[in-house]
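Chemist: Listed below are the residues making up each chain.
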Amino acid sequence: MSDATLPAQAPAQAAMQPIVPLEARLLRLGLLLALAVLVAGLVLPLGTLLLRAFQDPDGGFVGLANFAAYATTPSLRLAAWNSVWTAALTTALVVPLAFGFAYALTRSCIPAKGFFRAVMLLPVLAPSLLPALALIYLFGNQGMLRDLLFGHSIYGPIGIIVAQVFYCFPHAALILAVALSTADARLYEAATVLRAGHLRIFATVTLPMARYGLVSACVVVFTLVVTDFGIPKVIGGQFPVLATDVYKQVVGLQNFNMGAVVGLVLLLPALLAFAADRWAQRQRSGLLSGRAVPYLPRPRRARDLPLLVLCLLVAGALVSLVAVAIWGSLVTFWPYNLALTLQNYDFDRFDTSGWAALWNSVRIAATAAICGTALVFTTAWLLERGSPGGAVAGAVRFIAGVPLAVPGLVLGLAFILFFNHPANPLGFLYGTLAILVLNGVVHFYTVMHLTAVTAIRQLDPEFEAVGASLKVPAVVTFGRVTVPICLPAILDIAVYAFVNIMTTVSAVIFLYGPDTKPASVAVVHMDEAGQSSAAAAMAVTILAITASVKLLQLATGGLVARATQGWRQR
Amino acid sequence: QQRTRLTVYTALENEQLAPFKRAAEAAVPSIEIAWVRDSTGIITARLIAERQNPRADMVWGLSVFSLLQMEAQEMLEPYTPQGADALRPNFRSDRSPMTWTGMDAFVSAICFNTVVAQQRNLPRPSTWADLLNPAYRGQIVMPNPASSGTGFLTVAGWLGAQGNDAAWTYMTNLHENMQVYTHSGSAPCNNAARGEYGLGISFDMRAVTLRNQGAPIEIIVPTDGVGFDLEATALMRGSRNLEAAKRLADFAVSRPAMELYGRYYALVALPGVQPAVQNYPAEFEQRLVSQNFRDVALRRDAILREWSGRFDSKSAPRN
Amino acid sequence: MSAQLAAAPATDTAAAAPPYLVVEQVSKHFGTTIALERASLTVAAGEFVSFLGPSGCGKTTLLRAIAGLDPATSGRILQDGRDITFLPPAARDFGIVFQSYALFPNLTVTDNVGYGLRGRAWPASRRTHRVAELLGLVGLAEHARKYPAQLSGGQQQRVALARALAAEPGLLLLDEPLSALDAQVRQHLRQELRALQRRLGVTTVMVTHDQEEAMGVSDRIVVMSRGLIEQIGTPETIYRHPASAFVAGFVGHASRFNAVVDAPPGTLVADGLTLPCLGARRMLYGAPVQAFIRPEDVALGPTATALEGNFAARVMHHEFLGPVCRVTLQAGRLQLEADVNPAVAPAIGEVLLAALPAERLMVFPRDV
Amino acid sequence: MSAQLAAAPATDTAAAAPPYLVVEQVSKHFGTTIALERASLTVAAGEFVSFLGPSGCGKTTLLRAIAGLDPATSGRILQDGRDITFLPPAARDFGIVFQSYALFPNLTVTDNVGYGLRGRAWPASRRTHRVAELLGLVGLAEHARKYPAQLSGGQQQRVALARALAAEPGLLLLDEPLSALDAQVRQHLRQELRALQRRLGVTTVMVTHDQEEAMGVSDRIVVMSRGLIEQIGTPETIYRHPASAFVAGFVGHASRFNAVVDAPPGTLVADGLTLPCLGARRMLYGAPVQAFIRPEDVALGPTATALEGNFAARVMHHEFLGPVCRVTLQAGRLQLEADVNPAVAPAIGEVLLAALPAERLMVFPRDV
Ligand SMILES: Nc1ncnc2c1ncn2[C@@H]1O[C@H](COP(=O)(O)OP(=O)(O)OP(=O)(O)O)[C@@H](O)[C@H]1O
Ligand SMILES: Nc1ncnc2c1ncn2[C@@H]1O[C@H](COP(=O)(O)OP(=O)(O)OP(=O)(O)O)[C@@H](O)[C@H]1O
Ligand SMILES: [Mg+2]
Ligand SMILES: [Mg+2]
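Residue numbers (the working numbering), protein chains in the order written: chain A, 1 to 570; chain B, 1 to 319; chain C, 1 to 368; chain D, 1 to 368.
Read the hints as simulated data drawn from the structure, not as lab findings. Using N, Cα and C, we set each Cβ at its ideal position, and we do this for glycine too. Among the hints, erroneous ones may be present.
[Said to hold, decoys possible] Which residues of chain A face chain C? A few of them, derived with a C-beta cut under 10 Å, are:
1. 143
2. 145
3. 147
4. 188
5. 189
6. 190
7. 191
8. 193
9. 194
10. 196
11. 197
12. 209
13. 293
14. 301
15. 303
[As the list claims (entries may be wrong)] Covered stretches of chain C (in silico footprint by chain D; criterion: 3 or more residues with CB under 8 Å from a CB of chain D, positions within the stretch not fixed):
16. 25-33
17. 121-132
18. 314-321
19. 354-367
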């Protein structure tokens, strides 16, 4: 029999390399392309900017001199400290609040959960200037409720924290709602049977099960507060934080080298937080077994009533802040002429771009939503299901996580320096709509990527193997099976991209061209020009558009589901 | 005939863009203007960031301090527009050919909210020195000179009018009354207009806009010497439409252009053009301190470092 | 009905000592679905009773009604003479092991086992002592400080058991405690579980859908189907004297075929074969029936010769199962399975004599 | 090694026709873990071969290497004479069914089955025809328009099978195709699967960890443990002549005890009992061994009297399993399980004569 001759051959074969089939090579090529996009859209620009931290204004290498100079600036430690403590305090306020809200949505029997879920999203649907303006209307020195502050000024840390709480609330609540939505009912029953009280069950079952969600929520809120500069700029007074330090260095002093230094400093807490999150994610595996039985809350007044009150209070606060902004957009001149008017919506009076800016924004956001979603989802699929990419896959995975930690201002500046470099073959993008689209996609890449990966990981890992055994190319299986099944997640990603790109300011303020000014920038311009009612009006219009898109997604959700997800029914 | 599209960076007020464009395109039919407008700081930062591969053909309406910064970095295309020699000497580049030409002067002024003043019993100030009155404690806002061109212009004005030592003493005393140093040059006046504070120090044009919306503010140009800045024009080195840009630069110093500026600004670069702005003091020109822009621009870093050292680090909120 | 009839002998033995657990006419509705319909049974103290049935038959529902986790819609439950029908779970006296074990993943083995040992009755020292004792009992003393994720499935199962037994409950409830385990571990743990239950003497109710498991460990089995109790009895009774066609088909392996009662009484006709059948003696002539015969009861070759109603059958194929070889036989259109000693298994294609012992043929009326 | 020794008889039969599938010295490493170590086997055309072993032993790894889904680290695989070692899956000729079935949930049964029927070889009409044919084959014609979620587990399994068979592959690979199903459905589908395979004559390799399943359906079984092939052989060979202690313990039920080889040759001593044992005849005096005896081989009562080396044993407890009753016996410190006819099962506590037939005792050297 042939076995006898084998041992001699085996070592020789062991050294042979498998032939890489064409399809696997194509998939690997796809991943390489994705890597190229990410490198061009994030790594190289960021590198170009951060290199400046080690240069003098003329481009000479100065080592750590800029860092030394910055470290001796007295305001550094103050700004860093301010950033850290406002972020920490905001986190400490938002996360418990969001936890209560998410808990009510997932673990209680309160009515109108759908309404609360929708209201929860309000803050992300508008530019961050909106809450700041509304807070000024409410708590400013002429504010309707200024007495509630007991003589303290809204300008400064109080305003920053209140506005940030508003702005970060949906992010934390979304994460926590997801974390709390999966629970093993059996654990609760086991604890009940062992005679644990409600508090003990909460402490020994609920909290531990949600702890990775809590870590994630804390990390996201902390990072958002540290990197956001819109709110501190408008309502922070002269209260220095790291994000406004970048603004001061870059916009006030045109000192890019120093701006890069602060940008790097700013990356630190964000990267640390990010590492903490990764660590928590890794601990998570094997927590919930496949045999778990989903938890369904039963009515209990002692829990439901307080939670309903909490939800009403939170929803009331969110709605009234937006309502104040809407009202503010309708008054003639706050606070001296409160006659209602629609003139503030005649944007062409206030800004040359006028309504065109809104149209620009919609075009940019829609293009980015479509192209970005395609890019993100395909890349995630290649990562999860393509042929093993080794180092390339590792690089893509890592890079995909970075944007969350990069402040928009840093990203915008990085884009100018990189894409406008005369030697850059991609320079033709500069000043076009395309660069705004690319910037938007890169800026919000991380969350889109995580959503896509989560959706893909829920699919049976053998789909592609089955396809291969049936000699169907992986791409066909991607188109016929993966995409249709993941359509709800894909829509989520697209709407997320659309909404965020509609409202973002910090990165694009450096990048728009003569014909591509986005509405979110127009809002800032109008506010700077003293036309705060018009600014509020534009912000409200953006809110109307994003809210319509979100509502459209919810409304068509049913239709889309019926058309493409009929197979889910039993 | 194909019109040349010029990318023009500007920090002019939004409402000025349309009339300026109309006038320029009428006067020079071969061009079409595409504006990129943003605040002074952002536009300057963008221009400098784009230095290696300029996207702007021209700058029309930007602080002369910014232009001097760019001149130092060899970013400006020297060109003496036709008729530029007629401008006030102080209002044009001293190089030959010129690197920039002035359009008009704007100053740091006080936006004084009369309603708040009545409520709080605040006297109407007429000089910078008046602002030291303890009655104004916590009622004054000004831009942070490190973040805002207007803030720097104000500080530069004090230094020019009062001399170094006296000016720093003045600022130290004023700091006691100051509520907030904002990051934006417009914010102080905006806030004063909304009654958030009684007095805001901003550049004058902002106040006009607000007043026209119905804000109860009075624009006060202090009589004890105000710092001023020029809005100016320059050609960018590396422009791909240099010839067309030169035509626009010629228009920018022409008399019709100056008359246009005069509709918004109290002092224009061309002597003899009578500005027609409402609510401006007649003797506006006399209140300007005399200052050497290049000199101030050169000292900018030192001034800001000094300022930051004195006031930035104590910027805990004051109530 | 059949359930109550079959329950009768069990109630007899229970009459000596009063039953520990009494379930009376318990029903459970989820909206319009009826998960459980008038279930009645009694469990004697120290007895091991299994609920056996296919998926969705209401086993878990009945167990949870006893535990009070999903209270019954109607009916009454008594434990140790006390009416517990409306008591919340925490006020009852039982320990429970879930199919998923439901161990607290963030607590160590020690903390899991000691979770319920709180309050004045359990000062720290007594508690530590009890936990150590239990861990010894289930053989996990050296894993005390580990977390559940660091244990194998079988070890997790034992932790869950120790936790359920910690407070010395009067009643132990088990919901498919072994179904998540490998076949080998399962068989081993099943014997361990039974030995432990014997040693502690704790009254135990177990849910399972594995008939071998139910037969191997139970004193009595409650066979359920579609929310109804089909039969209650000892494993032997259920296997040898099933109360319904469902029980006959579900418990153990059996070949099933349709037949008609023929004359004289005690005769069936199926596919032209005339088969003597004791069970058919009291049935009406011409009644359609379902007949069941277990593979180990089919007589082949020499033993078949002696039996009445034997017939020729052809060997269609073999399934070697280790101790026995399962042979598929074809006689006319009748297909039968017979277990034979693998050493003497007839060859495929061979035609031999087969017979179905009259006392082994199980028959049940059939709707036409 | 043992695997190659045991493989010999199978290779003999395969020698007549050239083997359809040849796996030569295939190894697979994941980083530093060795999932598969130099596995060699041959499968004849039309044969049904199972890979049997505990979880993590490398069964799936070997199957996926054959499919090309996770190419082998070293070694060679030939299918129908063609070297396929480095071919991508799509260039090979096989159909596969996964444990999860991996049905496309958004496609109907028809579309799932027809998924691979694309290209010029499959014009629409031919395709429709083939799908209908396959659905008829697996008995799902009336479910053609349903989605997988609307089918029962067993039906889903059949859809997966039809899909794998659609393009008439030369080789059918099955990775635990039945493990997700209920015991009852499982037994039924197992026979169906085997019948279908016979009918189509397609060469089949199945992965399973259920030894009854493997024995019931396979022509030959490959027993694996920790990445190594322990034995290849027919079900009977594996059950009756296990090549290692692992196989003896894993396949079928057996009592295990330690013993020492004694004089004269062919004698064991275990716990003071002297046991004749054919398997020990060629072993050295004093060698420590593990001995295995299957419960159905233990002789009790009258049959034991006639056997050499019989001994008295006490009945410890019973496990009623239906066809047999498993009795646990204690003789000194030796614990044994014996299967007896339930009708004549000895009472608990009874002491009776037991014997282990010398030719049935399986022994393997033991490390001390
Ligand atoms: N919470 C519920 N709501 C609605 N129907 C339910 C609920 N729980 C159980 N049922 C239904 O009641 C019936 C009995 O369910 P039960 O869980 O008792 O079955 P089971 O015998 O334990 O089955 P399994 O072996 O699958 O666990 C099933 O038809 C099930 O669908
Ligand atoms: N992708 C992988 N990376 C690392 N190790 C792996 C990988 N796949 C399998 N292994 C390891 O290789 C060994 C064999 O795995 P394999 O899946 O072949 O086992 P199996 O016999 O099919 O087990 P089961 O019955 O649990 O499916 C295991 O130890 C497993 O942990
Ligand atoms: Mg159940
Ligand atoms: Mg496997």
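Chemist: When the nearest CB of chain C is found for residue 303 of chain A, is that gap smaller than 10 Å?
Modeler: violated (16 Å)
Chemist: Holds or violated: is the Cβ of residue 197 of chain A closer than 10 Å to a Cβ in chain C?
Modeler: holds (9 Å)
Chemist: Quick one, is the residue 301 of chain A hint okay against chain C at 10 Å, beta carbons?
Modeler: Violated - the Cβ of residue 301 of chain A stays beyond 10 Å from chain C, reaching only about 16 Å at its closest.
Chemist: Measuring from the C-beta of residue 145 of chain A to each C-beta in chain C, is the shortest one below 10 Å?
Modeler: Violated. Min distance 43 Å.
Chemist: Please check whether the region 314-321 of chain C has three or more residues whose CB lies within less than 8 Å of a CB on chain D.
Modeler: Check passed, 3 qualifying residues.
Chemist: Grab the minimum C-beta distance from residue 191 of chain A to chain C and call the hint holds if it beats 10 Å, violated otherwise.
Modeler: holds (7 Å)
Chemist: Verify the interface restraint on residue 193 of chain A: the C-beta must sit less than 10 Å from at least one C-beta of chain C.
Modeler: At 5 Å from the nearest chain C Cβ, residue 193 of chain A passes the 10 Å test, so the hint holds.
Chemist: Min Cβ distance, residue 188 of chain A to chain C: is it shorter than 10 Å?
Modeler: holds (9 Å)
Chemist: Tell me if residue 209 of chain A is really an interface residue toward chain C, meaning its C-beta lies closer than 10 Å to one of theirs.
Modeler: holds (8 Å)
Chemist: Is the interface hint satisfied for residue 293 of chain A? The criterion is a beta-carbon contact with chain C at less than 10 Å.
Modeler: OK, holds: residue 293 of chain A within 10 Å of chain C, min 7 Å.
Chemist: Is the shortest C-beta separation between residue 189 of chain A and chain C less than 10 Å?
Modeler: holds (5 Å)
Chemist: Verify the interface restraint on residue 143 of chain A: the C-beta must sit less than 10 Å from at least one C-beta of chain C.
Modeler: Status violated, d = 46 Å.
Checked against the numbered hints listed earlier, the structure breaks hints 1, 2, 3, 14, 15, 16, 17 and 19; every other hint is satisfied.
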